[in-house]
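These are the residues of each chain, in order.
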Amino acid sequence: MSLWVDKHRPKDLMKLDYHKDQATRLKSLVQQSDFPHLLVYGPSGAGKKTRIMCLLRELYGSGAERLRQETMHFTTPSNKKIEIMTVSSNYHIEVNPTDVGIHDRVVIMDLVKNVAQTHQIDSSGQREFKVVILNEVDDLTKDAQHALRRTMEKYVTTCRLILIANSISRVIPAIRSRCLTIRVPAPTETEITNVLQAVCKKEGLSLPSELGARIAKCADRNLRRALLMCEACKAQQYPFTSDQKVPEPDWQTFIRSTAALILSEQSPKKLGEVRQKLYELIIHGVPPDMIFAGLLRELVQNCDMVMKCQVASYAAQYEHRMRLGNKPIFHIEAFVAKFMAIYKKFVEESLM
Amino acid sequence: MHRDIRSFFSVKKAKKPEDDDSDVIPESPKLAIVNKKKQSRKRRQIQEESDEEIFSPPKKNKNAPKPSLKEVKAVDIFGSAPIKRSEPIVKKSKKVTETGIHSDEEFEKSLLQIDEVDNSLCPKPPTNDNHVSKVDIIKKLKEKPVNNHDSKDNFNSFKKDKESESIKTEIYKNDRKLGKNKNEKKVDDIKSKTKTHDSKEKSTRNLNKKEKEPTSQKGKVDKIDNDQTIDDIISKSKNHDSKDNLASSSYIKRDKESTSYKRKLDKFDNCKNTVDSKPENIKKEKADFSEFLKDDETYNHEDKSSEPKQKRAKLDKSLNNSVLTDEERHERKRYSAALYQKYRNRSGPKHLGSKEIPEGLPNCLKDCAFLLTGVLDSFERDEVVAAITKYGGCVKPGISKKVTHVLAGDEAGPAKLAKAEELGIRIINEDEFLNMIKGTDKIKASSSKEIKKENKVENKTSSASQSKEKKNVNIETNKKVKHEGYTNGKKERSLSPKKVKNDEVKSEKIVNGVPNKSDSVDNSLMWVDKYKPTNLKQIIGQHGEKSNVKKLSNWLTQWYVNRKAKIPKPSPWAKDDNGAYYKAALLSGPPGVGKTTTVSLVCKELGFDMVEFNASDTRSKTLIREQIGELLSTTSLSAYARGSTGKGAVSKKHVLVMDEVDGMAGNEDRGGLQELISLIKSTSVPVICMCNDRSSEKMRSLLNYCYDLRFERPRANQIMCAMLSVCFKEGVKVPNDVLTQLIEAAGHDIRQTLHMLSVWVADSSLMDDDRLKREAGKVKKDMKMGPWEAIRRVFSAEEHQKMSIYDKSDLFFTDYSIMPLFVQENYLNVVPHGPGKASFSKLETLERLSRAADSISSGDLVDARIRRNQAWSLLPIQAMYSSVIPGQFMEGHIAGQIQFPGWLGKNSRANKMRRLAQEIHAHTRLSTSGSKSSIFLDYSTHIRDAILNPLIKDKTEGIEQSLRVLESYNLLREDLDSLVELSLWPEKRNPIVLIEPKVKAALTRTYNKTASALPYAPVAVKKGRGVEDSENSQEDYEEVEADSDPENDTMIKKKKSKEAEKAGPSKASGKAKKNVPSSPGKGKKGKTKANNKR
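The listed protein sequences correspond, in order, to chains A and B. Quick note on full-length UniProt numbering: the first sequence kicks off at 1 and runs consecutively. Quick note on full-length UniProt numbering: the second sequence kicks off at 1 and runs consecutively.
If you're looking for bench data, these hints aren't it; they were derived computationally from the structure. Keep in mind that the hints are not guaranteed to be accurate.
[Said to hold, decoys possible] Computed cross-link-like contacts, BS3-like style, restricted to lysine-lysine with a CA-CA straight-line distance of at most 27 Å: (1) B:Lys438 to B:Lys569; (2) B:Lys566 to B:Lys550; (3) A:Lys345 to B:Lys837; (4) B:Lys837 to A:Lys81; (5) B:Lys842 to A:Lys245; (6) A:Lys234 to B:Lys955; (7) B:Lys396 to B:Lys366; (8) B:Lys550 to A:Lys142; (9) A:Lys269 to A:Lys308; (10) B:Lys955 to A:Lys80; (11) B:Lys583 to B:Lys653; (12) B:Lys906 to A:Lys270; (13) B:Lys988 to A:Lys234; (14) B:Lys621 to B:Lys653; (15) A:Lys7 to B:Lys955; (16) B:Lys537 to B:Lys402; (17) B:Lys932 to B:Lys906; (18) B:Lys1000 to A:Lys234; (19) A:Lys217 to B:Lys932; (20) B:Lys733 to B:Lys366; (21) A:Lys270 to B:Lys842; (22) A:Lys269 to B:Lys988; (23) B:Lys837 to A:Lys270; (24) B:Lys932 to A:Lys277; (25) B:Lys953 to A:Lys201; (26) B:Lys906 to A:Lys277; (27) B:Lys802 to B:Lys837; (28) B:Lys837 to A:Lys269; (29) A:Lys277 to B:Lys955; (30) A:Lys217 to B:Lys955.
[Said to hold, decoys possible] Now the stretches of chain A that chain B is said to cover, found in silico as 3 or more residues with beta-carbon under 8 Å: (31) 43-49; (32) 224-230; (33) 258-270.
We put the beta carbon where it would ideally sit given N, CA and C, even for glycine.
Only chain A is shown next, with the shape it has when bound in the complex (with noise of 0.2 Å):
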């Protein structure tokens, strides 16, 4: 029994709920029995892994859902063991090489090479490639991305890659050329409350419209998030009500207690007490600039227009050091110091 998420998740390229021009552009790609290297983007939870699984189905038929679970070993130039683990199906094969850290380099080398280089047996009636699909791609190190460039070229006869990435902006140009990008943005909260809608006349239940339109909002426009809210509602309490309370996720809520804490006073040692609870949640995998983005969202709004810019700016500098830096809670805390400093002499001010 899984969760709706996964329980209603379109298969067919034609079933999806929004997009759709760009699905009938995808299938008509894949009609041609042949498409370049594919760079999908989107942020989290728009439907971009929906799409690509949708795709190799329309490519190579059902064969394709048929996934199993491999476990891949590789050896590093400096003779460490690694090993990574794939999901497969005959015709193609996904990886997140970020799994291994540093070392995804060897990972991309190796397996794309592996999987390149041999060709299909019996390929009529089949594509006469493969497909490779990395995952979050622009976490890749700049020296795997690099490793990347020429192996799309040298085995484009036997194998396309399919990247997934959240943001182009952090994959190096080389590869941007390499590939047809195609971005799938989030969906709107009207097109949420549709597909929740949907789901729960599925699941035999009736939703509120503006009980949909209220978790649609919470949800930040990410559908998974929407569906999975929608279901935590249902386990709450059903039959629903309109005005029933949406369940936020854990973070956002410590996020926002965390700012409260920056605006209730500034001084070095609530500064002490902020750092403990970023350190909170960056323990518990929120990426720093979710951490940046929310922090900023609730300290804005306690701010005049001179002063948003100001911490606009100073957040987006900050969040351009972490990028480069190594630990990322130095510069969030360098940020909320700076905020402290700023707010406080705003209030100083404002109170003379």
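Dock chain B against chain A, hints included.
Chain B alone, transformed into the frame defined by chain A:
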């Protein structure tokens, strides 16, 4: 002169005045003897009646109330037990002097001399020379070998001599009787004069409260000594076996009983008295005079002569203390504990920096020795110490006679002050001290020595006055010796103690500027080699009974004996372990304190041959095993080579010396330490290892097999002594303060000090004051500093004042990997100081804080760049950003404890969470679409709730539903725990506690029974944790096949396993299933293992 003896006993108590003496002196010995006879007879008749009234003058108030002299004497004087006990110790030395003086020829000679002088001398107080020589003569007499005649003979002859002599000089004496008395009076006058001096009050008190003060105790002891010696000699000569403490009383009793001996005895006593008290009296008298004459040399003598007395007094005191009751001791302990508590809590100077140390003349504190106690009002202790040494004074660690001033601040140690008062040392406060430097207190400063002398005089006078009686009785002989000394004055000078002589020689050399020694050969040697200790006694700082040298040589001597005995391993906390258990010794300590020297000298002394391996030898495993093993089983021919033949020539006594064992590292010496340890275990010869850092990681294993001998750095004054002697031998004069600085600069490293000294001697301009100071600073800097200390300095405003930017960035390099973390962890706790130590406003503080944080964040960028590109040359830039700049912005002090970086712990927790998430992600991969972070952010809570809610709501009925969720997501039972951990936020309740344990257990049981097939090979998961490699081949095989054959492996396995499962539950129970080699079972086991491992 019978009553002489009695008066002698009563002297200390009664302080008999001169007029009494004058009655006695004029009488010739013969007359005296007659008198004595009569009186003793009289006394026998009177018996209980006190003679006191006859002899004691009205002055003596103290003794007056005593009922009878006889009764009081012995008991009162010897009153307490400890004094009795101290007697035997003193006795011996006294006896020696006694016999020495009784040498006939000597005495005759001196008498003759005295006669001569008497004729020519006017009755004036003798001059300085006279006094010096007096003592010298006595010393000479003592030193000269003496034939130990039968004491009876001695006495007899002596008696005769004396009688004849006294007849001869009778006339003179009668003449000069008055003069003598005058002399005595003069002494008194001077005494009273000195009393007017402020500090003299104490000594007058001493005189009054004799019993309480150590000086009086001294006097007592003296008295006792005299009694004792007399008693001893009597008992010897008459074969009396009584060595009683109550000697005098017993003696008197005997007196009464044996009248036949009486006469003889009386004579004896007379002689005894005169002879015995002579040296004492002379010394004292001499001291009295010489002090006023301010002669340095006599000063020295006096010092010496007074020393043993002091010791005795001390001994007495300590013995007295030992009689304290337990309660008293307890009280005292508590008191001192309270004092210590106070000491720990005491604050710093109250008005630090409010005064400045004035400029004074160089050496204006010369010859001053200070003792600092308590907290000064406006100076740190270090500042004052620096000032004192700068102006030529010195600082003593504890109170002693050498201390001239006690500089007392607030909460000064009461013990120190009391002691200072006792010794008559001036106690000054801060302002007085400053005045001394300024010179306004010139007299005090410059004449500190005199003050001291005067103090001493007073101490002396107190004892002198006590013995006045004695003196007067024996004034006859005193005089003689004095005169004798006068005539021989010049001659005797050459016999003055070595020290004086040395001084002279030294000064001579300095004046000449030419080294006396013609060490042309030695000149080529470095001083370090030239003045290398050649025997154990010369090793600096290794003289004590518990010194390492002693321990080592004991250990080495006992080595072979100890091997035969079975000795249990001592506990590591055992004190005074003699190392009998150990086959090897480990000498550890900083460089240049004499470890190698110690070993080589001990070996030499005990006749062992050293087989030495140091860092210049390769000490790998094979080498140690083959070469050293071989070496130790052979016999040594070194003695033969040195030319000796016979039995001793071939020795089997080796010592294996492994120098610098902490240097055994790297490829060269691979496995060396392990081999060394195994060698130690099986060795048949002693092994001595040496290292600098015994706390290093490498030494840890070795330590278990070694007798641990730790060498400390010698104290500055210990090195100072040795250096002074080197300077003397080299014929150079090095000012004391320079020497002190050299030692400090070398960090108490003897070798280094010698090197620096030789450089200084070669060209003193190379080593000027500033440079030495810098050098000394460097020594401190080179010391290992932990990050804690470093971080304190990073933020300390005080330290910043004397640090350059390089010093600050050096702090970062104490450990460049951890320092940024330390800075980041602790910068929030810093209270930044504004100008004038005021703290900033809140806004300013925050402003600074944000700048520091900004800098730290920049530092992280550099760090990332360094590690990504191996650009280690950027480290100094990181030092600036991560440590120096934050330190500068937040310059102040750290409030509260310095924390260990929390980042490390948090990071590892974050990693663990990430790993758990990745695992879950991998397991749920087939049914979910999200990335890893979506597990964190979205799935974890919901999947958890989907599994746990049925359990909470429906209890056991919900199990099936929960298991269905688990199955659909291909999760393992263990993943449930991971999920709970992932989704648990602080301040949120753990939902798992809501589940009844019963339900939980049921869930686990059911899960085990119905374990479903998994799409992934759980073996892989196991291997993912690196548990097993045996499955490798199989896995590889599968991998190869994976691409070519689509329908094999996992999918097929899945089917199979399902079949196996179907078979499993029907055939066997859940328990038995573990033995079924089906893949899920295996997987589960592996997984459990993996989890356990975690």
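Against the structure, the hints:
With a C-alpha separation of about 63 Å, the suggested pair Lys438 (chain B) and Lys569 (chain B) falls outside the 27 Å cut-off, and the hint is violated. This hinted pair checks out: Lys566 (chain B) and Lys550 (chain B) have alpha carbons roughly 23 Å apart, not beyond 27 Å. Annotation: proposed proximity of Lys345 (chain A) to Lys837 (chain B) holds, straight-line Cα distance about 23 Å (limit 27 Å). Between Lys837 (chain B) and Lys81 (chain A) the CA atoms are separated by roughly 58 Å; this puts the pair beyond 27 Å, and the hint is violated.
Between Lys842 (chain B) and Lys245 (chain A), the direct Cα distance comes to roughly 41 Å. Violation of the 27 Å bound is thereby established for this hinted pair. Distance restraint check for Lys234 (chain A) and Lys955 (chain B): the Cα-Cα separation of roughly 19 Å lies within the 27 Å cut-off, and the hinted pair is therefore satisfied. A hinted pair counts as satisfied when its Cα atoms are at most 27 Å apart, and Lys396 (chain B) with Lys366 (chain B) qualifies at roughly 14 Å. With a CA separation close to 66 Å, the supplied pair Lys550 (chain B) and Lys142 (chain A) exceeds the 27 Å bound.
Straight-line distance between C-alpha atoms of Lys269 (chain A) and Lys308 (chain A) comes to about 24 Å, which keeps the hinted pair within the 27 Å bound. Among the hinted pairs, Lys955 (chain B) with Lys80 (chain A) is inconsistent with the structure: their alpha-carbon atoms are about 47 Å apart, more than 27 Å. Among the hinted pairs, Lys583 (chain B) with Lys653 (chain B) is consistent with the structure: their alpha-carbon atoms are about 14 Å apart, no more than 27 Å. The straight-line distance between the Cα atoms of Lys906 (chain B) and Lys270 (chain A) is roughly 19 Å, inside the 27 Å bound, and the hint therefore holds.
About 21 Å separates the Cα atoms of Lys988 (chain B) and Lys234 (chain A), which keeps this hinted pair within 27 Å; it holds. Among the hinted pairs, Lys621 (chain B) with Lys653 (chain B) is consistent with the structure: their alpha-carbon atoms are about 24 Å apart, no more than 27 Å. Restraint check for Lys7 (chain A) and Lys955 (chain B): satisfied, since their Cα atoms lie roughly 25 Å apart, inside the 27 Å limit. Straight-line distance between C-alpha atoms of Lys537 (chain B) and Lys402 (chain B) comes to about 26 Å, which keeps the hinted pair within the 27 Å bound.
With a CA separation close to 19 Å, the supplied pair Lys932 (chain B) and Lys906 (chain B) stays within the 27 Å bound. Distance restraint check for Lys1000 (chain B) and Lys234 (chain A): the Cα-Cα separation of roughly 24 Å lies within the 27 Å cut-off, and the hinted pair is therefore satisfied. Annotation: proposed proximity of Lys217 (chain A) to Lys932 (chain B) holds, straight-line Cα distance about 24 Å (limit 27 Å). The suggested pairing of Lys733 (chain B) with Lys366 (chain B) holds, with an alpha-carbon distance near 17 Å, which does not exceed 27 Å.
Under the criterion of a C-alpha separation no larger than 27 Å, the hint pairing Lys270 (chain A) with Lys842 (chain B) is consistent with the structure, at around 12 Å. With a C-alpha separation of about 24 Å, the suggested pairing of Lys269 (chain A) with Lys988 (chain B) holds against the 27 Å cut-off. Under the criterion of a C-alpha separation no larger than 27 Å, the hint pairing Lys837 (chain B) with Lys270 (chain A) is consistent with the structure, at around 24 Å. Under the criterion of a C-alpha separation no larger than 27 Å, the hint pairing Lys932 (chain B) with Lys277 (chain A) is consistent with the structure, at around 22 Å.
The suggested pairing of Lys953 (chain B) with Lys201 (chain A) holds, with an alpha-carbon distance near 25 Å, which does not exceed 27 Å. A C-alpha spacing of about 11 Å is found between Lys906 (chain B) and Lys277 (chain A), which places the hinted pair at or below 27 Å, so the restraint holds. At most 27 Å may separate the alpha-carbon atoms for a hinted pair to count; Lys802 (chain B) and Lys837 (chain B) meet this at roughly 16 Å. About 21 Å separates the Cα atoms of Lys837 (chain B) and Lys269 (chain A), which keeps this hinted pair within 27 Å; it holds.
The straight-line distance between the Cα atoms of Lys277 (chain A) and Lys955 (chain B) is roughly 35 Å, outside the 27 Å bound, and the hint therefore fails. Between Lys217 (chain A) and Lys955 (chain B) the CA atoms are separated by roughly 35 Å; this puts the pair beyond 27 Å, and the hint is violated. Check result for the region 43-49 of chain A against chain B: holds, 3 residues qualifying (beta carbon to beta carbon below 8 Å, three or more required). Look at the region 224-230 of chain A against chain B: 3 of its residues bring a Cβ nearer than 8 Å to a Cβ of that chain, three or more, so the hint holds.
Restraint check on the region 258-270 of chain A versus chain B: 4 residues with Cβ-Cβ distances below 8 Å, three needed, restraint holds.
Figure legend: structure checked against the earlier numbered hints; hints not met, in rising order: 1, 4, 5, 8, 10, 29 and 30.
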